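Novice: Protein chains in written order, with the working numbering: chain X, 10 to 266; chain A, 47 to 233; chain D, 47 to 233.
Derived by calculation from the structure, the hints in this document are not laboratory data. Every clue listed holds true.
In silico lysine-lysine, DSSO-like type, Cα no more than 30 Å apart, as pairs:
no. : chain 1 : residue 1 : chain 2 : residue 2
1   : X       : 126       : A       : 70
2   : D       : 88        : A       : 124
3   : D       : 90        : X       : 126
4   : X       : 125       : D       : 129
5   : D       : 133       : X       : 121
6   : D       : 133       : A       : 150
7   : D       : 124       : A       : 69
8   : A       : 48        : X       : 125
9   : D       : 180       : D       : 150
10  : D       : 213       : X       : 125
Pair ranges (Cβ atoms, derived):
no. : chain 1 : residue 1 : chain 2 : residue 2 : range
11  : D       : 77        : X       : 124       : 33 to 41 Å
12  : A       : 48        : D       : 185       : 40 to 48 Å
13  : X       : 107       : A       : 116       : 51 to 59 Å
14  : D       : 125       : X       : 154       : 25 to 33 Å
15  : A       : 116       : X       : 114       : 47 to 55 Å
16  : D       : 178       : X       : 121       : 29 to 37 Å
17  : D       : 104       : A       : 102       : 31 to 39 Å
18  : X       : 157       : A       : 79        : 52 to 60 Å
To give an idea of the chain A side of the interface with chain X (calculated C-beta under 10 Å), a few residues:
no. : residue
19  : 123
20  : 127
21  : 128
22  : 130
23  : 139
24  : 143
25  : 144
26  : 162
27  : 172
28  : 205
29  : 214
30  : 215
All figures in this text were calculated on a predicted structure; none of them were measured in a lab. All C-beta atoms, glycine included, are put in the ideal place defined by N, C-alpha and C.
Residue strings, one per chain:
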Amino acid sequence: MSETEFKIKTEIFEGPLELLLTLIERRKLLINDISLSRVADDFIEHVKKLGSFPMGTTAHFILIASTLLLIKSKSLLPGIELTAEEEGSIENLEARLAIYKKIRDASLHIQKRYGKKVIFLANPPKRISIIFSPNKGMTKESLLSSMKEVISSLPQKEVLPQITVKKMMSLEEMIDKLTEKIQNNLKLNFSDFAGSHEKITSSGVKHMVTKENKIMVIVSFLAMLELVKQGIVEVNQDNFSDDISIETKNVKTPNYF
Amino acid sequence: MKTSLDIKIEAILFFQGEPSSLKKLAEYTESSVEEVKDAILKLKQRLSDGGVVIVENRDEVSLGTNPEVSSIIEKINKEELSKDLGKASLETLAIIFYKGQASKREIDYIRGVNSGFILRNLLIRGLVCREEEKGERGFIYKPTIELLAHVGIEKAEEMPEFESMKKELEIFLTAKNTDEQITDAEQ
Amino acid sequence: MKTSLDIKIEAILFFQGEPSSLKKLAEYTESSVEEVKDAILKLKQRLSDGGVVIVENRDEVSLGTNPEVSSIIEKINKEELSKDLGKASLETLAIIFYKGQASKREIDYIRGVNSGFILRNLLIRGLVCREEEKGERGFIYKPTIELLAHVGIEKAEEMPEFESMKKELEIFLTAKNTDEQITDAEQ
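Produce the entire structure from the sequences given, and follow the hints as far as they go.
Specialist: Now the structure itself:
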């Protein structure tokens, strides 16, 4: 099966689960860790175009990407050891995907019926004579205070997720930066690159303090895997808990699966 | 299954909630006035002994509550009219007052919930009236003359802090358009 | 002859022209909620194959037109009827409908995106309603009678796979709620 055959180009996916499920279904695969690792690249390809997602959903894509990377690194780096929490998040993603698929399928039952054979609830008032019945104490002033109440509860635009996303570097930028670094220093460690002072395990997501840091590491890791795929670098890990070292490499074609 | 004429007529009368001429019923159901008459006879038999009965008045028919239950209905009606209006009703009224008139769509959008049943209740109490919206399916709501008099104004501009309230609503309603584009993209 | 309870209830529902709670019906008719439930069952049987049906949703009931007549009523209806729902709205509705009720957090978790905008839209359309969650900051969303009516069913159980989906969602969300760490990571 060709890697490029299933590339998603112009479609808009509202959420990461929707994208992931579509990728799996296009390959006619079942939902499990093997299928997830096989569609990880296409998913990452999509995350690279983050700019075209509706604002606020980017962070959701990156969080799912982080779990996909765990799964991917399991198949990419033999011997990698995941913590119970990491294993849990893989199982959890599978469960979420399964229930999402069920909901999506069930929503078709609603779609099929919605607006077709409608039951009309009686709308118009059936009163022969209307008796003017105002509230006690209904005045200009009470209407003003109700109006103020309405205005104060108008919805505010949700800005939080956008801020998180804007602070992050794009995947493209990250790849450029990584390529440059690799050219300058023949060998560097993953944790140097991700710019963290903390020890990072091979999964790239452990022991991080803030979510932003975590997302930064994920993006770095995504970029690294991308370079591995393109055959520009080679990833080495001597021991399970050791840092991952990155080396330039131009000889072999990438060997993924 | 082909739905029989009496069922169609029953549904129409129920939905309209007001008297309908035999001619109109024939038109709606694409049948003759004679057929409608027969169907109404059939319907009358079927509905006898129920809570809802056929009421005939010259060449108009409507559904009405069975006279046997009129005492309960009267009690409910009184209770409904004398009950204090809730927060949601007062807010809906305030929007209609400050906008001078408002479509159901605008009211729903401003309040973030569907106002159908609240508007219905305001209509029953004679606090608002409505007319069909031009060019669109839907209604526009206005305060009744009685209510304007009760509050002591003749037009919306006389409401306290009118300009600032109006402005806030307009800002929100203008932003609506951009929001809708986002939804379309998401769906 | 004493008027039986189902007749009273039918008349009240017709007169009110909006959904009524079982509790209110019990109050109006001076009976118990159990008696009201029995009477509604009886009423439902009596109304079957007529132009008017009973829609039941949790502890609310309403009269409505027979779905088979929908195309005729649509022609008479002067309010706009929403006929299309986007993919995102359908998924969100499916979660709320099949689960019976769901918090925004649960909906976001299942869909993997923020559903705030979609939920507001569904509220405006009157397809879901919301209540404040006990002891929590968020809201709980529930299907409305309006949703059942738009789908053309008299109660939720008529939907295919209703019981099995409900169960699956419950199992999934119970597992999620016990796993606090995952929830925190997602928020």
